[in-house]
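Colleague: Got chain A; can you put chains B and C with the ligands on it based on the hints?
Chain by chain, the residues run as shown.
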Amino acid sequence: MPDAMEVSFVVNAGAVQVTTHPMARLLDVLRTTLHLTGTKEGCGEGECGACGVLLDGRLVNSCLVPIGQVNGSSVTTIEGVASGEQLHAVQQAFIDCGGAQCGICTPGMVLAAAALLDLNPSPSLDQIRIGLAGNLCRCTGYMRIFEAVVTAMRIKPAS
Amino acid sequence: MPPVPAIGRAIPRREGVAKVTGRARYVDDLSLPGMLHGLTVRSPVPRGIIRAVHYGAGVPWDEITVVTAADIPGRNVVALILDDQPYLAADRINHAEEPILLLAHADKQLLEEARRLVTFDIEPLPAVFTLDDALSGAPIIWGENNLFKSYFVGRGDVDAAFADAPIVVEGVYETGAQEQLYIEPNGMLAVAGDASGVTVWGSMQCPYYIHKAIAGLFAMPLERIRVVQMETGGGFGGKEEYPSIIAGHAALLAWKSGRPVKMIYDRAEDMVATTKRHPSRTRHRTAVSRDGTLLGMDIDFMIDGGAYCTLSPVVLSRGTIHASGPYFCPNIRIRGRAVATNLPPHGAFRGFGAPQSIFALERHMDRVAAAIGLQPDELRRRNFIRPGQVSAVGQVMADRVDMDAILDRALDMADYHQKRTRFAAANVAAGRTRKGIGFATFMHGAGFTGSGEDHLASIVSVEATADGTVRVLSASTEIGQGTNTIFSQIAADALGVDVEAIEIAQPDTAVVPNSGPTVASRTCMVVGKLLETACRNLRAALTDSGHLASDGDLRQACRAYVRERGPLRASAHYQPNEAARWDDERYQGDAYGSYAWAAYVAEVTVDLVTFETRIDDFVAVQEVGRVIHPVLATGQIEGGVAQAIGWALYEDVVWREGRMANSQMTNYIMPTSVDLPPIRVHFEEVPYQHGPAGAKGIGELPMDGPAPAIANAIAHATGVDVRRVPFTPEMLAHLVEAAGA
Amino acid sequence: MRSWLAQYEMRSASDLGEALDLLSRWPGEWTPFAGGTDLMVLLEAGKLPRRRFVDLWRINELRGIAASADSVRIGALATYTDLLTDPIIAAEFPLVAAAARETGAVAIQNRGTVGGNIANASPAADLPPALLVYGAALELASSRGRRHVAYESFHFGYKRMDLAADELIVGVTLPRERRAQGERGAGWQHRETYRKVGTRRAQAISKICFAASVDLDGGVVRDIRIALGSVAPTVVRARSAEESVRNQPIGSQTIAAARLALRADISPIDDIRSTADYRLRVAGNLLEELLS
Ligand SMILES: Cc1cc2nc3c(=O)[nH]c(=O)nc-3n(C[C@H](O)[C@H](O)[C@H](O)COP(=O)(O)OP(=O)(O)OC[C@H]3O[C@@H](n4cnc5c(N)ncnc54)[C@H](O)[C@@H]3O)c2cc1C
Ligand code: FES
Ligand code: FES
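Chains as they are written, first to last, in the working numbering: chain A, -10 to 148; chain B, 839 to 1579; chain C, 47 to 338.
The following block holds chain A by itself, in its conformation from the complex (with noise of 0.2 Å):
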C-alpha cells in the first residue's frame, strides 16, 4: 500500500513542503527531514514530554501527531523559540536558574513553560507544576525548573 503525500506546513514562520507518509510522526519529519534535531524522543508513547513543540500555537507531543494532521498548520520547535541570537525570557531563566542539567528534556520543557506563559503569564506554583505534569525530567528534580517559570514569569511583564 504505498502511501505518500504531500503536506505544506509552516516551520519556525518559514514555510516547508514534505512529501511523506501521512501517519509517519511529526517528531521524525522535523528531526529527520527537516534537520531540526532540537526535538528530542524520550519515550515515543506520548509520556516524556521531550518531543514536545507548538502546534498552531498549542503544546503537543510531537511523537504522537501524523504528519498529515499537521498540513496548513504551523509548528513552533525549540529552534524557533529565541530571536536570532536573543533568547527567550523562558531560555534565560533556565540558564540563570539551573533548569538545564543534562539537557534532554529542556526543549520540551522550554515550550511547555512558553506555552504555559502564554495562556497564563501569572501562574501559580501549582499551575507551574500542572502546566509541566507531562514533561518529565529525570535530572533536576523541577525545584530549579518551578524557579526559571516564575524568573521567566517576571522578567516578561505580563502582556
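None of these hints come from the bench; they were simulated from the model. Any given hint could be a false lead.
SDA-like, lysine to any residue: derived pairs with alpha carbons at most 20 Å apart [said to hold, decoys possible]:
1) B:Lys946 - C:Ala52
2) B:Lys946 - C:Ser70
3) C:Lys93 - B:Arg953
4) B:Lys946 - A:Asp107
5) C:Lys93 - B:Gly894
6) C:Lys93 - B:Tyr1103
7) B:Lys946 - A:Thr22
Given the structure is predicted, the values throughout are model-derived calculations rather than measurements.
Modeller: Relative to chain A, chains B and C with the ligands alone:
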C-alpha cells in the same frame, strides 16, 4: 588584577545556551553519509540453548547486514571485572533479552519488520529468579555456587556482644530493582574498518571503559580505537558499563557492512534490556543496651546481580561498607553476597549499593529506638561515629564530622520535634488521612573504594592555546551533573583567569588522557583535584619559562609561549595518599578518602482511603566539603532526592519469567512535577584538604536518605512497619489491614 | 518507531459524509483516527493491528460543545482542553471537568478527544465514569442514518461496544434537566465526587476511577449514581450499590451494606498496575467516603 574567584559562585552552565536552544548535539542528532541503522535481536527466554535461527520471509534479507557471535573478530566478552558476559550469545542464553544477533539496514522501519521475522529454536533450561533459589543452588546457573562475590568484614567480638546483650532487635528489609530512566535512551554511532580502526560516538559516562572493551572485541591495538562522548542526556550509572555493549554492537555492524551504523535504543528496549539497580535483602540483628548504646551489629547484606557479574562486586563492596552507617559500634560483623540469577544483569546506579543497605539500617534504627523506648534522634545521637573513632572496616574517621550538628540543623529546618508531637496527637482522632515525619542519617564515601584510585592512576591535562585560552583535557563526562562548569571554575581559579578563558575539550580518547570513569562521586573531588594540580603546573611552567610574571596576564603568557615555543601542555597524575592504608585481602582500612554526611527529613500524609503516600515537605542537610557551585550542587541534591522519592514510592519493576513486564513509561512510574514536595537543601561546608578548593563528592549522596526517611515517616503516621521499597499503596493497604487499622 | 509505515494507509476526510462513505463502502476495513493519542502509541510499539485509517481531524461538524435548554452536546472531536475551557461544563458537569483535568497532561489534553476516549473502550478510561453518572447518551452516525444510545448500554464486554463497523461516534449528549432540580427542601443536599486513583498524581492511568453524585434529603439517600473505572472489563455503573442505599439513612449499616453490594457490581483483577485486592478495598473505601 586577578579576576573574582569563580568557585563558590553560580556562574552560568557552560553548555547552557546550547541546551536551551536545542543546539546541543546528542548521538541521535548525528548522521553520516551512507549510514545504516542497527538493531539487536534478543532472547525471548531467560535460559536455554539456541538450536536454530530462522529468518522468516517478508523483507529483503540480502540487503540486511546480519552479525552473529561467529562474526566477532576478537574476543566475544565484554571486558569488565570478570570475562563472563558475551557480546552476543553463541549458544547459551542466560537471561531474557540477551543479545543474540544484530541487524543493520538503511531503513529503520524495515529493520523492525526484520526483527519480528527472526525466530529461534531454543531448548529451555530451568532458570533462577529469586535470591532464595539462587542461594539454594537449584539449579546452579553461575560458577560453583551462584555467588559472584562475598565479603566478610567486621571487628570486635560480635557473638560475645549478643550473648550479653539486654536487648536484641532483628529485621529483614528488601528493596526492588530501579530503572535509571535517563530521558535520553542509550545510543551509539560507529565507523569501523580494517584500515580505519574503530570510532564510536555516543551517549556514555566512561569513554575509556568502551575503549578497552572494543579493543578486546576486535583484537585491535588501543591506538586504533577512538571513543567520543556526545552530549549525554543523563546517566545515573546506567551509562557506565552498558554502553560498552552497544558500542561493540554498533561497531560490529559497521565493520561487517563497511558503513557507519547508528544504534539507538527505543525506550522499551532500554528498559527491558539494560541494567538496573540491584534488588537487595538485608537482615539486621542488633544488640543494644537499655540506654541505647549499640553493642553489636550483625548484618547480612545480599544483592541480586542478575546473569553476569558485571560490576556487582563493586556495588556489593560499597553496599557492605555503608551497611553500618554513620555509627560507631565496637562489635560489627557484615556479610555481603552478590548472587547470580537469570535476570538481565543489574548494574551501576547512583549510590551503588549504598541506598540499599542504608535503607535497611535507617529503617532498622527507628525500630531499635522503638524497642527501647527512645526517640529516634536520641538513639542516633548516642551512637554517631566521631572523629578518631573506627568504622566497621577499621577506618579511623579523619573527617571533622559533626553529625549532631547536621541532625540538629535538619530537624530544626523541618520543625521535626514540634510536628512529631502534633501529628501523633492529631492522628489519634480518626480521620481519613494520617500525618507523619521521619528522618534518616547517613554518610556516603566519595571516590573509589579502598585502593581503587591507585589502580586507576588517573591523568588530567591542560593545554595552552594560541589564542590564550586554556583547554582542559579530561575523560570526565558532562552528563548533566555540571562537569564542564565546575571544571571551568576549578581551572579558572587555579590559573587566576576568568572562566571564559577556560575551554573544556569534548571527551575523545584521541584527545584526552584517561582520567578514569565518571562515577562514584569522584569527578569533582578526585579529577577536579588533578585538574587543579595540572593548572598549577601549567602556571609554573609559564613562570619558569619567563612568560608569566607574578602579577602577569596568563592569557598573554599563553599566547606568547605558544607563539615562541609551540604547544604547552601540563598534566597531573593521581598520587596515592601516603597516609591512607587499605588491605584488599582483608577488606580493612581507609575505605574512602572522605565522606559526605547528611540528615534528611520527610513529612508525609498517608491517605487511608487510597493508601497513597504524599510527601508534603522534604529537608536535605549535608556536609560535602566546599560547595563549588551553589546552584549546581543544589540541583544535584534535588534531582537525587527526586529520584530516590521515585524509588521509595512509585518505581516498581514487575518481573515476569525474568523479564521486565512494565518496560514503558506508562507503566514504570517516575515522579512528575506534581508528585514532589518542596525539596529544601542546605549545605554545611567543612573544607576537605584533599579536594579541589576543599570540595568532596555529592552526586550519589542524595539517593541514600529519602527512602528510609519516608519509611520512618509512614511508620510514624500509620504505625505500620514498612520494610520493602517501594512503599506502594497496594503494600500499605495490606499492612494497614494486617495491623487491624 | 517499531511499525513499518509501508504497511499502513491513511486518508483524510474533509467532511462527515466522506468519512462515513469510506467506512460504509468497505465495512471493517477502515478505522477512524481522531487525536491519535491512543492509536499512535500502538503504532510506535509496533502493535497497531488495523492498517487503514480515516483521519477525522478536519471534520468541523464533529467539533464544538453546544448547549440547548435541556442538554449539552459535546462533539466527538472535542478535546479535553475544549472541555476544560467550556463554562457550562465547568458549572454544571464538574465531574466531566474533573475527568478532563486529570487526564494525561497538557499535551495530551490538547489532542485527546472525547470520541476517541469512548471508542478506545479502555476500562481504565477516565471520562466514561463521569458520563455514566450524568446519564449521557451517544449519537452515532453511519451512511445508513443516525441513532442515539444510552451510554450505559454502549459497552458490553472488554473492548466490545454497540458500534457497527461503518459507524462513528459523532457526539455525546448530557441532559441538563437534573441540574435544574436545585430547589428542594432545606434538608436537601447534593454531592458530587470524582476520585482518580492513579499510580501518581498526573499523567497516570487509573488503578481505580470513581465518580458519583448523591442527593440526600435529611440524611436519607434519594438519588444516587455511582460509576467506576478499572474494576471490570468495562467502565461500570454500580447499580447494586446504588440500590442498596437508596431511601436509606446514611450510617454505618448502610455503608456496610453498600460495600457488600458493590462486590456484585465490580470484578477487579490483578494486572501490571495494581491488584484485585487493592482495587476492591479502595473501591469500597471510596464508596464509604462518599456516604460519610
Ligand atoms: C501519555 C498519555 C496519557 C494518557 N492519559 C489518559 C488518562 O489519564 N485518562 C484516559 O482516559 N486516557 C488517557 N490516555 C488515552 C487517550 O489520550 C484518550 O483515550 C484519548 O481520549 C483518546 O482520544 P484520541 O482522539 O486521541 O483517540 P485516537 O487515538 O484517535 O483513537 C482511539 C480509538 O477511538 C477510535 N475513534 C476515535 N474517534 C472516533 C469516533 N469519533 N468514532 C468512533 N471511533 C473513534 C479510534 O478508531 C481508536 O480505536 C492517555 C494517552 C497518553 C498517550
Ligand atoms: S517522545 Fe514524545 S512524549 Fe516522549
Ligand atoms: S535535565 Fe536531564 S532530564 Fe531534565
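Colleague: Hint compliance check: list the failing hint numbers for this structure, sorted ascending.
Modeller: 2, 4
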